[in-house]
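Enquirer: The chain contents come next:
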Amino acid sequence: MSGKKAARRHAQLRMEYRQKRLERRYRRLLSLYPADHRREHAEEMVGVLLEAAGDGRRRFDLADAADLLAGAVRIRMRMLRTHLRDPRWPGNSMRDPRWADALAVASVAFPLLLVVAALAEMGLPQAAVSELTGQGPGVLSGGYLGMWPLTFGAPLTALLVLLRLRRIAGCAALLTAISLIVMAPELWGTYADPGLAVAVFLSAVAAGALFCSPGPARGLVLLRWWGAAVIAAGALIMAALTAGTVWPCCDWPSAPLAQAGAGLTSAFTVDISVGGSVGDDIAAMVVVGVLAVIALACLRAPVSRRVLMLLLVPAIPYVFILLGIFQDTSYIGNGLPPGDEYPLLLLYLPPVLLVILIVAVARIGRARRVPS
Amino acid sequence: MQEPTFLILTALAAGPQHGYGIMTDAGRISEGRVRLRAGTLYAALDRLRAEGLVETDREEVVDTRLRRYYRITAEGSARLEAEVRRLRSNAAAAARRLGLAGGPA
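Here the protein sequences line up with chains Z and S, keeping their order. Per the working numbering, the first sequence starts with residue 1, numbered consecutively. Per the working numbering, the second sequence starts with residue 373, numbered consecutively.
Since the hints were made in silico from the structure, they are not lab data. Quick reminder that beta carbons are idealized off the backbone N, C-alpha and C, glycines included. A hint or two may mislead.
Said to hold, decoys possible - Computed, partial: chain S to chain Z, Cβ under 7 Å:
#, residue
1, Y392
2, G411
3, T412
4, V433
5, R437
6, Y441
What the hints assert, rightly or not - Simulated DEER-style distance windows between Cβ atoms:
#, chain 1, residue 1, chain 2, residue 2, range
7, Z, L32, S, R437, 14 to 24 Å
8, Z, L353, S, E423, 43 to 53 Å
9, S, T396, Z, L69, 14 to 24 Å
All chains should be modelled from the sequences, with the hints used to inform the complete structure.
Expert: Here it is, written out as structure tokens:
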């Protein structure tokens, strides 16, 4: 009798063990569901799954498992779709209003700076003038379209910003950043180019600012009439760079003027701004001046300290370009290794660390403001 | 309307039911052709609740397990009714063309 009792007890314990194991497995699968859904339905679903498994069958059903997996995917996809359709998305991701405003200013300034960088990189205005004057390599020759991530990405982003199409502009800026990174080995031959680094950080921060802030509409309000100054500065830089071509400066290797007067050329030219061979000292100074105007315009905004922090991100690699302007015809006048041996870490790591710091500071600020 | 959705709304049209009840009822309604599983059921319920077609009726605890009952809303009934009309019209058209009994001559 006691043997039968023990056997029954043993069978019951075994069944309970199997049930617990089954429950554990189902719970593991339910962990794939979104947290909100789990909170609402997990207990209920476990109950239904165990009830469906029945007393006589305690095996883990693979079809149930596949169905749970498919259900988790469906619910997550639906949540994603709802999230994307949210008109506030993703502008609601920066809830600290001070950082949201700083990013709004950056969402105007950075795409314009990117246009300046693109113009300097490509020397496109000079090419246009050289086409007209018959000097230099001519417009759209010499690989200007080869810089396509900048050729198309920068003006497109700036145009969309001025049209106040925040999210589309953000996508354009993000695509520019990605294509710059992906195409750099082919188009620039190296990542170790300060101009490339500046363009990458400008487009990446522009994308972040456009996605995580109220965008250009708010940015232009904050910039007040200085906003117009920023736009004017963009036009000014184009004019300045265009004017550069009529000076005796071309250091394009194929340019007849450069070949004819190499001595004169070397006396006047420097490799400036954003990596390209653009023009002469005066043009370089104009570039720096216009960039300073844009920086000042941003600093006049009510959230100037935060804007300054954001501006520091592309400014770090830009410092190396300035070193090149003021010291020598290369970026490495100060004993730094030449050309493609330029230290990648020095160009990319400090700005990345700064971005991480900014995100951390913004989050701490938000936590302080929202004590929950 | 997808079949699981149709079966869930049909199951709830008779009155509030909990998850396992809906699953077994769906099997009965489809004469065993469709076996609704928990993943499909709760993904559908989640969507139907978001669309306002079903809502929570009440909650019970049975054998330490939570049991939540769902009921169809007026909007859910209207949607199901529209679907029934659509299916009936399609079925009638198909029957007519096939010359099956039950279809209008």
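Enquirer: Hint by hint, which ones does this structure get wrong, listed from lowest number up?
Expert: 4, 6
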